[in-house]
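Starting from the given sequences, assemble the full structure and let the hints guide the process.
Protein sequence lines correspond, in order, to chains A and B.
Heads up, the first sequence is in my numbering, so the first residue is 1 and it goes up one at a time.
Heads up, the second sequence is in my numbering, so the first residue is 335 and it goes up one at a time.
FYI, nobody ran anything at the bench for these hints, they're computed from the structure.
Beta carbons are placed, not taken as given, at the ideal position from N, Cα and C, and that holds for glycine.
Among the hints, a few may not be true.
[To be verified] Pairwise CB distance ranges (calculated): (1) B:440 / A:186: 42 to 52 Å; (2) A:7 / B:621: 46 to 56 Å; (3) A:243 / B:388: 39 to 49 Å; (4) B:364 / A:243: 35 to 45 Å; (5) A:320 / B:846: 20 to 30 Å.
[Claimed, not checked] Pulled from the structure, derived: some chain A residues nowhere near chain B, Cβ distances all over 12 Å: (6) 7; (7) 204; (8) 294.
[Said to hold, decoys possible] Sample of chain A residues at the chain B side, in silico, Cβ under 8 Å: (9) 137; (10) 260; (11) 308.
Listed here are the chains, written in short residue letters.
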Amino acid sequence: MLVEPTARGLYCRAGDFYIDPWQPVERAVITHAHGDHARPGSRAYLTAACGVPVLRTRMGEEGTIEGLQYGERRTVGDVAISLHPAGHVLGSSQVRIEHRGEVWVVSGDYKLDPDPTCDAFEPVRCQTFVTESTFGLPVYRWSAPRETMARINAWWRGNQVAGRASVLFAYAFGKAQRILASVDDAIGPIVVHGAVENLNEGYRRCGVKLPATRRVQDTDTKQDYAGALIVAPPSAQSTPWLKRFGDYSDAFASGWMAIRGARRRRAVDQGFVLSDHADWASLNRAIEATGAERIYVTHGAITPLVQWLATKGYDAQPMRTEFQGEAGAEEAGA
Amino acid sequence: MKKFAALFEAVDASTSTKAKTAALAQYFATTDPRDAVWAAFFLTGHRPRQAVPTRRMAAWAAEVAGIPEWLFAESYDAVGDFAETIALVLPDPQASSDLPLATWVEERLLPLRELPEAEQRARLEAYWRELDRTQRFIFNKLITGGFRVGVSALLVMRAIAQAFDLDAKVVAHRLAGEWSPSEAFWTSITSGAEGAVDHAKPYPFFLAQPLDVAPQALGDRADWLVEWKWDGIRAQLIRRPGVTALWSRGDEPIAGQFPEIMADAPKLPECVIDGEILAWKDGRAMPFAALQKRLGRKNPGKKVMTESPVILLAFDLLEFQGEDWRERPLAERRAKLKDVVHAIPGGSCFETSSSVRAPDWETLAIARSRSRELGTEGLMLKRLDSAYGVGRPKGVWWKWKIEPYTLDAVLVYAQKGNGKRASLFTDYTFALWKDGELVPFAKAYSGLTDAEIREVDAFIRRNTLERFGPVRTVKPELVFELGFEGIQRSQRHKSGIAVRFPRMLRRRIDKSADQANTVADALSLLL
Numbered sequence: 001m002l003v004e005p006t007a008r009g010l011y012c013r014a015g016d017f018y019i020d021p022w023q024p025v026e027r028a029v030i031t032h033a034h035g036d037h038a039r040p041g042s043r044a045y046l047t048a049a050c051g052v053p054v055l056r057t058r059m060g061e062e063g064t065i066e067g068l069q070y071g072e073r074r075t076v077g078d079v080a081i082s083l084h085p086a087g088h089v090l091g092s093s094q095v096r097i098e099h100r101g102e103v104w105v106v107s108g109d110y111k112l113d114p115d116p117t118c119d120a121f122e123p124v125r126c127q128t129f130v131t132e133s134t135f136g137l138p139v140y141r142w143s144a145p146r147e148t149m150a151r152i153n154a155w156w157r158g159n160q161v162a163g164r165a166s167v168l169f170a171y172a173f174g175k176a177q178r179i180l181a182s183v184d185d186a187i188g189p190i191v192v193h194g195a196v197e198n199l200n201e202g203y204r205r206c207g208v209k210l211p212a213t214r215r216v217q218d219t220d221t222k223q224d225y226a227g228a229l230i231v232a233p234p235s236a237q238s239t240p241w242l243k244r245f246g247d248y249s250d251a252f253a254s255g256w257m258a259i260r261g262a263r264r265r266r267a268v269d270q271g272f273v274l275s276d277h278a279d280w281a282s283l284n285r286a287i288e289a290t291g292a293e294r295i296y297v298t299h300g301a302i303t304p305l306v307q308w309l310a311t312k313g314y315d316a317q318p319m320r321t322e323f324q325g326e327a328g329a330e331e332a333g334a
Numbered sequence: 335m336k337k338f339a340a341l342f343e344a345v346d347a348s349t350s351t352k353a354k355t356a357a358l359a360q361y362f363a364t365t366d367p368r369d370a371v372w373a374a375f376f377l378t379g380h381r382p383r384q385a386v387p388t389r390r391m392a393a394w395a396a397e398v399a400g401i402p403e404w405l406f407a408e409s410y411d412a413v414g415d416f417a418e419t420i421a422l423v424l425p426d427p428q429a430s431s432d433l434p435l436a437t438w439v440e441e442r443l444l445p446l447r448e449l450p451e452a453e454q455r456a457r458l459e460a461y462w463r464e465l466d467r468t469q470r471f472i473f474n475k476l477i478t479g480g481f482r483v484g485v486s487a488l489l490v491m492r493a494i495a496q497a498f499d500l501d502a503k504v505v506a507h508r509l510a511g512e513w514s515p516s517e518a519f520w521t522s523i524t525s526g527a528e529g530a531v532d533h534a535k536p537y538p539f540f541l542a543q544p545l546d547v548a549p550q551a552l553g554d555r556a557d558w559l560v561e562w563k564w565d566g567i568r569a570q571l572i573r574r575p576g577v578t579a580l581w582s583r584g585d586e587p588i589a590g591q592f593p594e595i596m597a598d599a600p601k602l603p604e605c606v607i608d609g610e611i612l613a614w615k616d617g618r619a620m621p622f623a624a625l626q627k628r629l630g631r632k633n634p635g636k637k638v639m640t641e642s643p644v645i646l647l648a649f650d651l652l653e654f655q656g657e658d659w660r661e662r663p664l665a666e667r668r669a670k671l672k673d674v675v676h677a678i679p680g681g682s683c684f685e686t687s688s689s690v691r692a693p694d695w696e697t698l699a700i701a702r703s704r705s706r707e708l709g710t711e712g713l714m715l716k717r718l719d720s721a722y723g724v725g726r727p728k729g730v731w732w733k734w735k736i737e738p739y740t741l742d743a744v745l746v747y748a749q750k751g752n753g754k755r756a757s758l759f760t761d762y763t764f765a766l767w768k769d770g771e772l773v774p775f776a777k778a779y780s781g782l783t784d785a786e787i788r789e790v791d792a793f794i795r796r797n798t799l800e801r802f803g804p805v806r807t808v809k810p811e812l813v814f815e816l817g818f819e820g821i822q823r824s825q826r827h828k829s830g831i832a833v834r835f836p837r838m839l840r841r842r843i844d845k846s847a848d849q850a851n852t853v854a855d856a857l858s859l860l861l
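Shown next as structure tokens:
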């Protein structure tokens, strides 16, 4: 196996490096900077060039971080690696590894839907494809993002007419910026939680166009937020931090909102189905586009996807990782 | 259907009771009676006989979606609701329909039942093609039943009252019991006129709140009637000219299950009595298991009637000789009730509940500690000046239940929940120690907060030892304090015991699995 699961993470022996290791290692290739894929403590990190600023803020000062342009080839040990856009968040990549004519691609997390804040997913031909499966069931089918954004705009406008603020919970890294870059900022002022604004800075440094946002200050409790859109991380739900917004409607943006039970459990006024992961159709399309015969399925609906791919003639197998496809991802805002 | 779907979405999305009531009221006020009556029918938990078996619907949906049935089953496991799973896997609609709800139900849904399978399938698939995801979900729900949208029947009644400017009590009474969703019925329940209610109908049952404060906070003990809280079947007996009926709290007619009560009913004058049906022998209540043998069984045989004889333990009088007594104070209703029941010559199936004589709250607490010996669940506290109201308001009637039995048990199996809890592991099986082995003895799925559920769910995912279909065997590590109301020996359970109303009281993070209780500990709770 060119890439094998070990106690420390997915390991490429021929190149002596790990991909998204869950324990500190010498050399780590990072697909993207979400917490379950990028962990601090390793000595050297390699990631997509546009992912460097965010990764740096998340890893702290220790460890070297090197950026690689998408498509640029780099020899590591006995293998050649290159990074290709995964369309998940800014700077997310699939890792292509070539060793004596054998090609593997490790997808990390990915989506095929358009996203103005990151490069679009690029299908990469390979013999073995390691795919995520967060939403690997046929009940997960996303509408076109512009339709979902139109719904968010309509909800925001409706609240504005009613004199309310609109509080939208979305994961601070990726989802929040995707929403900011897509909503109609002519509707009203946009205010963000500090955790979101910290990442906005990294996005703007990389040239991603975001509308003007104002960070919520702990001092300005008397501010009138009626008519504003407030974007905050899910962890802010049911905390006193929200009191300052007075009368507001709340909503949650996540792929899990496709399921009514999850929507009701979340106990928000609105659930917007918006995910940075591939839905069922996209997973199938992406896998097919690689031309791979062997598929390893990681985090999410592993068992059903493996079984489904097997019926379609693939050599499909599960691969155990510590990435969080299911419950963890719900918190992490898939 | 579109309008009903929009109502559903508004009600389903909202977390505010006020907003839900407003949306319902708006719908009822502005919708054709033929549609409104069906909406009320479904929203109050009624359902027609299932027109298409769920199994068939699943098989057809899987085929239309181009997925194998096992993948449909996996999807259902993640979603937790059949109707929703079908709605989600089907391809997007190719047409749209603006037919009203009544047409969908009367001309499309109901006739499906009588059709041969092939025709049923062709029509159902055509209907699915006309409906978007929400409408499809609703249509499927109307077929499969279990249409719960977070509104209670009481809320629906309040909304109807609001929409037609009626007294909620009147609407509740008009909607009680069995009814069929016709335009005429809708007109009769929404009209302002006093119009006679079908006289076999029960009054809406008045319910008590669990006592959440010290009883001393209720003020003067002398203002309160205290009765034992019996563990039976709440029932209303109706004696009116030409009609004798017995209703359960779920608005089901149960006369057929209790012929001895019906046989004695003519000994009563014209009246309506509220009480509890209990299995009763030698002047005391038998365990609930005895009554259970009588439930759901129409025309019971002699044997079971002799083994588990029943009584109606009356505790309230709602109507006497054609006059509604519900607004009179409880003290007056009780006095009259006693006169009525005690006037029956010889023995009968009717008894009146006795009041618990304890002069102050402190002595009452001592009496309450004897509840279990008497086979009761605790005490009922009712204000002597209270009217017989509607619903479950705070402050008039309280139930002061005894503390449950408790045991510390180990989580051994887990399964995903339904509805709101689908896709999370929320249904647990717990075990006790016996000869060095863990023996399963109770299932429980309530008592944890959402945050705790997420924690336990994560533990289960990380610590699954085996999977049998939807059931996971979990590393026996987590200990929970379980509470339950009753315990009995049982041949059918491997542990040899059966418990009633088990639920989780708290997680015992301070205990490891080997410190959990044993089956012997459980048996020692048997009196």
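Now for the hints, and whether the structure bears them out:
Between residue 440 of chain B and residue 186 of chain A the beta carbon distance is about 47 Å. The supplied range of 42 to 52 Å therefore holds. At about 55 Å, the CB distance of residue 7 of chain A to residue 621 of chain B agrees with the hint of 46 to 56 Å. Evaluation of the 39 to 49 Å hint for residue 243 of chain A and residue 388 of chain B yields a pass: the beta carbon distance comes to about 46 Å. A beta carbon spacing of about 36 Å between residue 364 of chain B and residue 243 of chain A agrees with the range 35 to 45 Å that was offered as a hint.
At roughly 27 Å, the beta carbons of residue 320 of chain A and residue 846 of chain B sit within the given window of 20 to 30 Å. Distance to chain B confirms residue 7 of chain A as a non-interface residue, since its nearest Cβ pair spans about 15 Å, more than 12 Å. Every C-beta of chain B lies more than 12 Å from that of residue 204 of chain A, the closest at about 34 Å, which supports listing it as non-interface. For residue 294 of chain A, the non-interface assignment is confirmed: its Cβ lies about 21 Å from the closest Cβ of chain B, beyond the 12 Å cut-off.
Proximity of residue 137 of chain A to chain B holds as hinted, the smallest CB-CB distance being about 5 Å (cut-off 8 Å). The restraint placing residue 260 of chain A at the interface with chain B holds, with a minimum CB-CB distance near 6 Å, inside the 8 Å limit. With a cut of 8 Å, the hint placing residue 308 of chain A at the interface with chain B holds, because the nearest CB-to-CB distance is about 6 Å.
Comparing the model with each numbered hint stated earlier shows that all of them hold.
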